[in-house]
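So you can see what is in the structure, the chains are spelled out below.
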Amino acid sequence: MLDPTAVGHLLGFSAYEGLVYGFLALGVYLTFRVLAFPDLTVDGSFVLGAAVVAVLIINGVSPFLATLAALGAGLCAGLATSLLNTKLRIPALLASILVMVGLYSINLRIMGRPNLPLLREVTIFSLASRLPGLETRLVYQLVVAAVLAVLVLFILNWFLRTEIGLALRATGDNEQMVRGAGVDTDKTTILGVSIANGLVALSGGVVAQAQGFVDVNMGIGMIVMGLAAVIIGEALFRPKGVARLLLAVLGGTFVYRLVISIALRLGMAPGDLKLVTAALVIIALAVPYLQKKIRREWLPPASRW
Amino acid sequence: MSENKSLLKLRRISKVFSKGTVDQVRALDGIDLDINGGDYIAVIGSNGAGKTTLLNVIAGVFPPENGGKISVNDRDVTGLSEYRRAHYVGRVYQDPHVGTAAKMTIAENMAMALLRGQPRGLRAASNKQRRELFHGALVPLGLGLENRLAALVGTLSGGQRQALALVMATLSKPAILLLDEHIATLDPRTAQIVLDLTDMVVTREKMATLMVTHNMELALRHGNRLIMMHKGRIVVDIKQAQKADLTISDLVVAFERASGEEFVDDSVLLRPGNVVGTSDL
Chain W
1 MLDPTAVGHL LGFSAYEGLV YGFLALGVYL TFRVLAFPDL TVDGSFVLGA AVVAVLIING
61 VSPFLATLAA LGAGLCAGLA TSLLNTKLRI PALLASILVM VGLYSINLRI MGRPNLPLLR
121 EVTIFSLASR LPGLETRLVY QLVVAAVLAV LVLFILNWFL RTEIGLALRA TGDNEQMVRG
181 AGVDTDKTTI LGVSIANGLV ALSGGVVAQA QGFVDVNMGI GMIVMGLAAV IIGEALFRPK
241 GVARLLLAVL GGTFVYRLVI SIALRLGMAP GDLKLVTAAL VIIALAVPYL QKKIRREWLP
301 PASRW
Chain E
306 MSENKSLLKL RRISKVFSKG TVDQVRALDG IDLDINGGDY IAVIGSNGAG KTTLLNVIAG
366 VFPPENGGKI SVNDRDVTGL SEYRRAHYVG RVYQDPHVGT AAKMTIAENM AMALLRGQPR
426 GLRAASNKQR RELFHGALVP LGLGLENRLA ALVGTLSGGQ RQALALVMAT LSKPAILLLD
486 EHIATLDPRT AQIVLDLTDM VVTREKMATL MVTHNMELAL RHGNRLIMMH KGRIVVDIKQ
546 AQKADLTISD LVVAFERASG EEFVDDSVLL RPGNVVGTSD L
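Listed in order, the protein sequences are those of chains W and E. Residues in the first sequence are numbered from 1 upward in steps of one, following the working numbering. Residues in the second sequence are numbered from 306 upward in steps of one, following the working numbering.
Only chain E is shown next, with the shape it has when bound in the complex (with noise of 0.2 Å):
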């Protein structure tokens, strides 16, 4: 294992929701995982397996459990919030309302995208050569959002929005790119142009990219390493080289051998006739 050249660098990962209450949560628990530069780790496992809150974690929206330990490039990143580890990460949400900002223009969006991470002063935010960089960023998707730089989000539809979200969380070059359900909410067209974008994008910068998808078959045609998660753990985290081979059914012997339990969740609408056994797994 490449253990020091890793980008990211997860250790002893646990989160506890609503501790100390009959709630109690344990969203993750004990997670170690090592992702390099070039990672494109397709992330699914049933609901509650804790996918969305590994990215929470990562992004900084909330601190590890006393003990868990996150680095960036060697670097501890653990007790830095959220806005101060901005510049390593790009993140794009379900909801495209969440990472766009409905009442702003296109371009003003764009400009607060660029300067991720970075310190802001009293320069104008939108310059010739600024607008020219976002018209150069919006082209390759298609949707001439490059000729409407003036117009207000709000405007855009939910896919032209997210597509301008996925763009936006690129635009700096983060070395960490977080998709969480990214195109589940897009329709078809639009979610092959945000999802060949990504592949395009992720592949031209090297971006350690976590994508949190509930489609299978998405998950093994997309991205070179493949992570299954379930109750708060990581149980199958299959590399390049096995994944090319791999067909739905293997994923489902793999989560039940890891898991020791019926596969029983409907958002992969399998029958159980479906289920052959690999053994290379």
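Excised from the complex, chain W in its bound form (with noise of 0.2 Å):
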């Protein structure tokens, strides 16, 4: 019943998939866990990295340069959040959708119409397709893929260590210690906010290359989907010190997205993906929270942020 090419091919297009949308949940585990930021831009950027990687590339820019275009602008968005919350002074949360929703609109702007495709243009992918042995798609993608999250997690390893790196962890874990020690934690929030979404351009950039094609949609519910992916890494693998933070974040969104193709395969509708996604989250929310009120713990009121 279980064909081994059908298994094999399941689990290698779930690993291309959990590294390359795993850029975009290791931008979320940057915001909403290292800086307890709940940083909704996500949605906005996402698609921001696919819109800017597809004109460049249509306008004959070499894929390498537009990939990195798009982690620039991802940056650049990031960077209009923060401000928001560190100099105007607007709540994260609301900050975040603020600019998520402004995204949208230029996105089209910068798209000129709802959808792109990219099929017949050269991307990274399509130029790794030329070297010898990677003539498969499975195979390129992953290679691809894989070159790119070994880059990434290499940078971000080596930067949360060191000092500028540690003050931006630290600023989330107890904002009042670190500018007692002399740090502009607004600085630091900028920082932090800016790295993650250029993050997940990045992986938005990757992602339309590798399916041929950018929609202005196709970022609904990507934070959600991020969120899915830190929790079930964290829970699956719990994880102590950076190097196996960031692996474990890479981790989570292989399951999710090998569970997510699984549902597929067994026939549940692609259009119910965002629900179950959702339900998945909100059960990864629930319980720890049920299991101490089961076992009497005193709980403290929900935050509302």
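These are calculated hints, taken from the structure and not from any lab test. Watch out, some of these pointers could steer you wrong.
[What the hints assert, rightly or not] Simulated crosslink set (DSS-like; lysine-lysine; CA at most 27 Å straight-line): (1) E/LYS544 with E/LYS324; (2) E/LYS408 with W/LYS240; (3) E/LYS324 with E/LYS374; (4) W/LYS87 with E/LYS324; (5) E/LYS314 with E/LYS478; (6) E/LYS314 with E/LYS536; (7) E/LYS374 with E/LYS511; (8) W/LYS240 with W/LYS292; (9) E/LYS511 with W/LYS240; (10) E/LYS478 with E/LYS324; (11) E/LYS314 with E/LYS511; (12) E/LYS544 with E/LYS314; (13) E/LYS408 with W/LYS292; (14) E/LYS544 with E/LYS310; (15) E/LYS536 with E/LYS478; (16) E/LYS314 with W/LYS293; (17) W/LYS87 with W/LYS187; (18) E/LYS310 with E/LYS324; (19) E/LYS544 with W/LYS187; (20) E/LYS408 with W/LYS187; (21) E/LYS324 with E/LYS314.
Values in this document were obtained by computation on a predicted structure and should not be read as measured data.
Could you use the hints to bring the two separately framed chains together as a complex?
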């Protein structure tokens, strides 16, 4: 009943998806977990990265430069959100929703229309497919994603251990202490939220090249997917230390995409995907609370950010 | 008065909260204070006297009202925000959770503290040399924390966290140390450890120290200068020479004279019969 080739293909495809959507999940991890900054910019900055890549590639720019530009555009989106929060004191959740909504119009402007095909354009994937041994779609997708992931993980793992990276991590843990140690926590917040959205836009740019099109609505629910991936990664791998945490986030994304792929094969309607993901996050957030409630532990009132 | 040699100078420092409303409070009322390098000052006063507000103004949490001036080593720092003033100021709060970061390791917390007020770059935050420094700084506590550098601070007890917070506040040897009832929530044994360490570090590094406390006995036994605050003013300022012979009763009398009121702070737990007057104050 189980065809080994089909299983291998399913695992390989989920691994590829786990890596490319993993960049997005790493961004979500940076804001929600490291900085304790609930950032919903993600739904907009994911499409922003995809739109920038598409328009640049269609206009003949090298796909590598276009991918870097996507990252840069995402940095700017994160910059906007974090400036609204730190300099104008708009609550993080609201600031990020404002930027996300604004980005919808900006993305449409960049693209010129709601949908852009990239099928016959030169992408980082089509370039990789020309290399010997990488002719198969799944193989070159996996290799490109893996090379990018190694780069991103290496840089993040290094950066989060530097003096600046440490200050950034501490900002989400105890902002008062960090200011007392002489760090401008506005700056660390701006830096962190910008990097996070750069990663999200990178994810969008890579996904657009792999799937061969950009749709202005492709970002809907991406933040929930990222959260689900982070929660799954933390629950399954219970990581300690920076490097393992980063790997766990990618692992969580892989498991999430695998579960979704299996559910789709078993006949789940693609349109139900968002509801299932939302339900997954609700369950993941509710279970620890209900467990404590059953054990009659004291619990603080719900936070409203 | 050594007017120009003082390390920390406060001039006409006032602070009004909820200005222009019915809740308006004058937390600090025209404070003038000179603090020298070796000054280890116990700060006492009833609730609402302005002790913590004074520390907050010195640390730069909020600026004083217009006209007030704060200088450190003759450099005007009045307009500098908290993080820009951190180079001069180490601080330990009453709540151990405020001074340490729970989800980071002891070594990571100390690495944050080591670079207090210094530019941070893209070097590794922790290396062998720094870990040896952290190890050495934790040994005097006698709590065994030096062997747990990789432990998350959230796994420490409140007393251990407060001891760590004190080490962190003094690690970069800031010129000024602010202690805001830093042993008030600790058990007696840990409180003694933290207090002994405070005495040791302050004496060794000659940091200008302000230690807020509600405990009069502690204020008398520790430090070489004593300040009593009342309603935003400094009502008593006793230097080392006089401080040695002081008793709690002397403090109460001094307080009553300075404030012109009956002393009614039950946190001191004094019965009226204990009050004995002395004339040398």
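Each hint, compared with the structure:
1. Note on E/LYS544 and E/LYS324: the hinted pairing is violated, with a Cα-Cα distance of about 35 Å set against a maximum of 27 Å.
2. A threshold of 27 Å between alpha carbons decides the hint, and for E/LYS408 with W/LYS240 the separation of about 10 Å falls inside it, so the pair holds.
3. This hinted pair checks out: E/LYS324 and E/LYS374 have alpha carbons roughly 20 Å apart, not beyond 27 Å.
4. Between W/LYS87 and E/LYS324 the CA atoms are separated by roughly 24 Å; this keeps the pair inside 27 Å, and the hint holds.
5. In summary, the hint linking E/LYS314 to E/LYS478 is supported, as the alpha carbons are separated by about 19 Å, within the 27 Å threshold.
6. This hinted pair checks out: E/LYS314 and E/LYS536 have alpha carbons roughly 20 Å apart, not beyond 27 Å.
7. Annotation: proposed proximity of E/LYS374 to E/LYS511 holds, straight-line Cα distance about 24 Å (limit 27 Å).
8. About 23 Å separates the Cα atoms of W/LYS240 and W/LYS292, which keeps this hinted pair within 27 Å; it holds.
9. With a C-alpha separation of about 40 Å, the suggested pair E/LYS511 and W/LYS240 falls outside the 27 Å cut-off, and the hint is violated.
10. Of the pairs offered as hints, the one joining E/LYS478 and E/LYS324 is violated, with about 37 Å between alpha carbons and a cut-off of 27 Å exceeded.
11. With a CA separation close to 17 Å, the supplied pair E/LYS314 and E/LYS511 stays within the 27 Å bound.
12. With a C-alpha separation of about 17 Å, the suggested pair E/LYS544 and E/LYS314 falls inside the 27 Å cut-off, and the hint holds.
13. In summary, the hint linking E/LYS408 to W/LYS292 is supported, as the alpha carbons are separated by about 21 Å, within the 27 Å threshold.
14. Taking the CA atoms of E/LYS544 and E/LYS310, the gap is about 16 Å. The hint holds against a cut of 27 Å.
15. Taking the CA atoms of E/LYS536 and E/LYS478, the gap is near 32 Å; set against the 27 Å cutoff, the hint is violated.
16. For the suggested pair E/LYS314 and W/LYS293, the alpha carbons sit about 54 Å apart, so the restraint of at most 27 Å is broken.
17. About 10 Å separates the Cα atoms of W/LYS87 and W/LYS187, which keeps this hinted pair within 27 Å; it holds.
18. Using a Cα cut-off of 27 Å, the hinted pair E/LYS310 and E/LYS324 is violated, with the two alpha carbons roughly 35 Å apart.
19. At roughly 43 Å between alpha-carbon atoms, E/LYS544 and W/LYS187 are farther apart than 27 Å, so this suggested pair is violated.
20. Taking the CA atoms of E/LYS408 and W/LYS187, the gap is about 21 Å. The hint holds against a cut of 27 Å.
21. Only pairs whose Cα atoms come within 27 Å are accepted, and E/LYS324 paired with E/LYS314 is accepted, the gap being roughly 26 Å.
Going through the hint list in order, the structure does not satisfy hints 1, 9, 10, 15, 16, 18, 19.
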